[in-house]
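Next come the chains, spelled out residue by residue.
Number of protein chains: 4
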Amino acid sequence: MSTPKAVEGQPRRADAVRNRRLALEAAKTLLARPGTTLKVETIARQAGLGAATVVRAFGTKDALIDAAVTDLLGPLLRRAQEALAEDDPGAALRGFLLELINFQAAHWIMSEQLEGLQVPLTTLRRAELRNTLHDLISRAQDAGAIRADLHPAVTTVLLGEAAYAIARSNESSPELAAGFVTVMMDGLRPQPSAPHAP
Amino acid sequence: MSTPKAVEGQPRRADAVRNRRLALEAAKTLLARPGTTLKVETIARQAGLGAATVVRAFGTKDALIDAAVTDLLGPLLRRAQEALAEDDPGAALRGFLLELINFQAAHWIMSEQLEGLQVPLTTLRRAELRNTLHDLISRAQDAGAIRADLHPAVTTVLLGEAAYAIARSNESSPELAAGFVTVMMDGLRPQPSAPHAP
Amino acid sequence: MSTPKAVEGQPRRADAVRNRRLALEAAKTLLARPGTTLKVETIARQAGLGAATVVRAFGTKDALIDAAVTDLLGPLLRRAQEALAEDDPGAALRGFLLELINFQAAHWIMSEQLEGLQVPLTTLRRAELRNTLHDLISRAQDAGAIRADLHPAVTTVLLGEAAYAIARSNESSPELAAGFVTVMMDGLRPQPSAPHAP
Amino acid sequence: MSTPKAVEGQPRRADAVRNRRLALEAAKTLLARPGTTLKVETIARQAGLGAATVVRAFGTKDALIDAAVTDLLGPLLRRAQEALAEDDPGAALRGFLLELINFQAAHWIMSEQLEGLQVPLTTLRRAELRNTLHDLISRAQDAGAIRADLHPAVTTVLLGEAAYAIARSNESSPELAAGFVTVMMDGLRPQPSAPHAP
DNA sequence: AATGAATGAGGGTTCATTCAT
DNA sequence: GATGAATGAACCCTCATTCAT
Numbered sequence: 488m489s490t491p492k493a494v495e496g497q498p499r500r501a502d503a504v505r506n507r508r509l510a511l512e513a514a515k516t517l518l519a520r521p522g523t524t525l526k527v528e529t530i531a532r533q534a535g536l537g538a539a540t541v542v543r544a545f546g547t548k549d550a551l552i553d554a555a556v557t558d559l560l561g562p563l564l565r566r567a568q569e570a571l572a573e574d575d576p577g578a579a580l581r582g583f584l585l586e587l588i589n590f591q592a593a594h595w596i597m598s599e600q601l602e603g604l605q606v607p608l609t610t611l612r613r614a615e616l617r618n619t620l621h622d623l624i625s626r627a628q629d630a631g632a633i634r635a636d637l638h639p640a641v642t643t644v645l646l647g648e649a650a651y652a653i654a655r656s657n658e659s660s661p662e663l664a665a666g667f668v669t670v671m672m673d674g675l676r677p678q679p680s681a682p683h684a685p
Numbered sequence: 488m489s490t491p492k493a494v495e496g497q498p499r500r501a502d503a504v505r506n507r508r509l510a511l512e513a514a515k516t517l518l519a520r521p522g523t524t525l526k527v528e529t530i531a532r533q534a535g536l537g538a539a540t541v542v543r544a545f546g547t548k549d550a551l552i553d554a555a556v557t558d559l560l561g562p563l564l565r566r567a568q569e570a571l572a573e574d575d576p577g578a579a580l581r582g583f584l585l586e587l588i589n590f591q592a593a594h595w596i597m598s599e600q601l602e603g604l605q606v607p608l609t610t611l612r613r614a615e616l617r618n619t620l621h622d623l624i625s626r627a628q629d630a631g632a633i634r635a636d637l638h639p640a641v642t643t644v645l646l647g648e649a650a651y652a653i654a655r656s657n658e659s660s661p662e663l664a665a666g667f668v669t670v671m672m673d674g675l676r677p678q679p680s681a682p683h684a685p
Numbered sequence: 488m489s490t491p492k493a494v495e496g497q498p499r500r501a502d503a504v505r506n507r508r509l510a511l512e513a514a515k516t517l518l519a520r521p522g523t524t525l526k527v528e529t530i531a532r533q534a535g536l537g538a539a540t541v542v543r544a545f546g547t548k549d550a551l552i553d554a555a556v557t558d559l560l561g562p563l564l565r566r567a568q569e570a571l572a573e574d575d576p577g578a579a580l581r582g583f584l585l586e587l588i589n590f591q592a593a594h595w596i597m598s599e600q601l602e603g604l605q606v607p608l609t610t611l612r613r614a615e616l617r618n619t620l621h622d623l624i625s626r627a628q629d630a631g632a633i634r635a636d637l638h639p640a641v642t643t644v645l646l647g648e649a650a651y652a653i654a655r656s657n658e659s660s661p662e663l664a665a666g667f668v669t670v671m672m673d674g675l676r677p678q679p680s681a682p683h684a685p
Numbered sequence: 488m489s490t491p492k493a494v495e496g497q498p499r500r501a502d503a504v505r506n507r508r509l510a511l512e513a514a515k516t517l518l519a520r521p522g523t524t525l526k527v528e529t530i531a532r533q534a535g536l537g538a539a540t541v542v543r544a545f546g547t548k549d550a551l552i553d554a555a556v557t558d559l560l561g562p563l564l565r566r567a568q569e570a571l572a573e574d575d576p577g578a579a580l581r582g583f584l585l586e587l588i589n590f591q592a593a594h595w596i597m598s599e600q601l602e603g604l605q606v607p608l609t610t611l612r613r614a615e616l617r618n619t620l621h622d623l624i625s626r627a628q629d630a631g632a633i634r635a636d637l638h639p640a641v642t643t644v645l646l647g648e649a650a651y652a653i654a655r656s657n658e659s660s661p662e663l664a665a666g667f668v669t670v671m672m673d674g675l676r677p678q679p680s681a682p683h684a685p
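Protein chains in written order, with my numbering: chain Z, 488 to 685; chain F, 488 to 685; chain D, 488 to 685; chain S, 488 to 685.
Keep in mind that the hints were calculated from the coordinates and are not lab data. Using N, Cα and C, we set each Cβ at its ideal position, and we do this for glycine too.
Only some residues are given here: those of chain D computed to face chain S with a beta carbon under 8 Å:
| id | residue |
| --- | --- |
| 1 | Thr524 |
| 2 | Gln600 |
| 3 | Val641 |
| 4 | Val644 |
| 5 | Leu645 |
| 6 | Ala649 |
| 7 | Glu658 |
| 8 | Leu663 |
| 9 | Gly666 |
| 10 | Phe667 |
| 11 | Val670 |
| 12 | Met671 |
| 13 | Asp673 |
| 14 | Gln678 |
Straight-line distance between alpha carbons at most 27 Å, and here's what the computed DSS-like set of lysine-lysine pairs gives:
| id | chain 1 | residue 1 | chain 2 | residue 2 |
| --- | --- | --- | --- | --- |
| 15 | D | Lys526 | Z | Lys526 |
| 16 | S | Lys526 | S | Lys548 |
| 17 | F | Lys548 | Z | Lys526 |
If you want the footprint, here are the derived chain F segments under chain Z, 3+ residues with CB under 8 Å:
| id | stretch |
| --- | --- |
| 18 | 599–613 |
| 19 | 643–651 |
| 20 | 654–666 |
Can you make the complete structure from the sequences, with help from the hints?
Structure representation (structure tokens):
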């Protein structure tokens with residue numbers, strides 16, 4: 488036959504790949520835009536495609552969302568892993584926190600928007616992200632860069648959730664992000680006196 | 488009031504008032520319960536009423552949710568206002584933060600669940616809450632109880648959003664809440680040296 | 488309250504019962520009419536109801552079809568059971584065969600139209616029907632009314648399937664039905680000589 | 488022919504003919520396999536072709552199915568015509584009945600699966616088959632091989648439909664087929680006494 | 001006035017057909 | 001000419017709102 492046949496494996500036809508990317512980008516764009524309802528029709532229009540096409544490209548709406556969010560979280564996870572390799576544990580944590588906020592501020596991925604959807608990949612990647620943040624924190628504690636009177640797990644949740652919230656805030660701004668990191672890092676610094684009584 | 492078919496100024500029928508309260512309580516209960524879908528039918532069943540009754544009592548589903556959330560935020564707002572009258576500005580802020588977290592942890596009002604709904608009263612009351620928190624922070628800064636190198640607006644958002652996130656976290660616990668307040672207050676304490684360079 | 492409240496149990500509101508019946512009748516009518524596609528919309532229109540209503544009345548389209556077919560098979564099953572109680576086993580079988588054909592000729596329930604649908608009640612009732620026919624045949628064989636050189640199970644399938652087909656035939660008529668029963672009963676009569684060599 | 492872009496009377500390209508055959512074989516195979524859904528995609532995969540190719544080869548899905556079923560019925564029709572030429576009318580009828588059952592049992596062509604499809608050729612060929620069976624029966628009646636107190640048309644439908652049903656039965660087996668033919672031929676034998684009163 | 005039921009708009013998904021490679 | 005992908009129509013189902021009891 489005269490079919491190009493391509494290399495055996497994943498790579499499908501050029502336009503299929505292109506449209507898959509278009510759908511993915513559209514989903515990511517809409518995930519970044521606050522207040523969107525994430526209907527298949529909306530994503531399709533954003534991508535300049537038909538509704539059935541985006542479903543076909545991923546099999547199901549959930550799978551598309553899953554892929555989009557996972558995709559968005561990818562670079563962030565990579566940055567977290569790079570931070571783990573940096574020399575100064577305290578500076579690494581501080582630096583990553585800023586990235587975390589800035590990234591999420593630019594993307595607006597709402598946990599709640601995913602409620603009721605089947606997004607196994609996203610769940611997985613979130614766990615990875617959380618684990619890496621946990622490691623970053625533990626390393627900073629071991630190095631004496633941050634206080635040790637809090638359990639690493641507590642600190643992980645605290646930083647993760649708070650950073651997430653700050654990023655998503657309507658008033659999000661570089662100034663806010665910087666303020667958050669400053670306060671957090673100051674608050675996490677080894678304290679001279681005993682902590683305040685609860 | 489503009490209630491149809493009712494004599495002006497005349498109190499509504501006793502059972503109408505009672506049903507309105509039942510619906511409101513049901514909505515509040517479901518808002519407190521994580522993972523609920525907030526369908527009219529669900530609320531009605533929880534209230535022991537018919538679906539039509541619930542809608543009729545508020546005219547629309549959105550109005551009911553609006554009233555319920557506003558209602559839930561009421562005591563919190565009152566507490567914030569009481570904190571403003573306390574003597575020690577720092578302690579008042581710290582105390583309110585804990586209340587804020589505990590309250591939200593117990594009520595699970597998700598901003599995102601309200602996305603796409605018309606909830607003007609809720610928006611209003613949230614602004615009031617935010618303003619009062621802003622005042623609490625300004626007062627603490629004026630009294631030298633917390634650092635002044637951050638704009639009060641920034642600090643307001645920071646505390647409000649972060650507290651909200653901590654409360655909503657799946658791993659939410661008293662230990663986490665206490666840790667959050669400790670770190671925040673330590674971080675917000677007037678700092679001896681210059682803040683970390685950005 | 489002044490709610491009628493009715494008797495505790497199944498009986499719901501009068502119109503609900505009425506509409507449930509309308510939907511059921513509509514489905515039965517369409518099952519009787521050859522060449523129909525059995526769309527929810529079609530059934531609803533036939534019933535003079537909205538599409539959502541007929542779904543709500545049964546929870547799902549499949550459940551509606553299931554109920555309709557089961558309903559149609561009910562009287563037939565009852566007749567088979569009555570035939571079992573008759574005195575003359577041969578006449579009972581012959582009589583039931585005629586009923587089987589006439590009934591099915593009037594209803595046009597196609598196994599294949601149900602393909603891919605979840606109809607557990609129908610499956611059950613069909614098995615009952617088949618079992619009762621099996622008993623009718625066994626009894627006739629035991630009484631010497633029909634030949635015994637065929638396994639009852641074979642005869643059951645033979646009569647059941649053939650009667651079914653005759654009933655569904657486009658040229659279906661009383662004459663055809665009578666002819667079928669005559670031939671079958673004659674063919675099933677105990678044969679004087681050995682059966683034809685295959 | 489009206490094939491577009493082809494010189495009149497010119498044979499089509501070799502691979503086009505080959506693909507048409509592949510599609511036809513695939514459809515026939517799937518028609519023989521019970522419980523298949525007969526989607527274009529499924530047929531194409533079975534043929535090792537693309538979906539568009541299958542459609543293009545026949546213009547429409549219905550045309551493909553029509554051709555496939557017609558093709559399947561071809562040999563059966565030829566066998567019926569050969570039976571007409573045999574010496575013993577009774578044996579010819581009996582022989583053909585067995586073939587009819589075996590053939591259909593092996594092919595699983597469901598009338599109902601064709602419901603809603605435009606299959607004019609199939610309809611035509613079915614009529615031919617029915618007519619030939621009618622002739623077989625008339626000839627057997629004329630020869631005194633089978634009873635004459637039934638109208639040939641009635642007997643035709645009776646045998647045709649019943650044989651079809653027996654073939655399609657889930658419990659289909661050689662034993663069942665043989666039993667059917669035995670009973671039918673015994674029942675059709677010229678009867679000594681008057682037929683049973685209806 | 002209260003309510004169970006009816007409904008119409010809208011969602012996701014499938015599939016025969018058409019298009020572009 | 002063959003084909004994988006695109007698509008729009010159609011289907012079943014959900015739910016906030018309206019109706020009739």
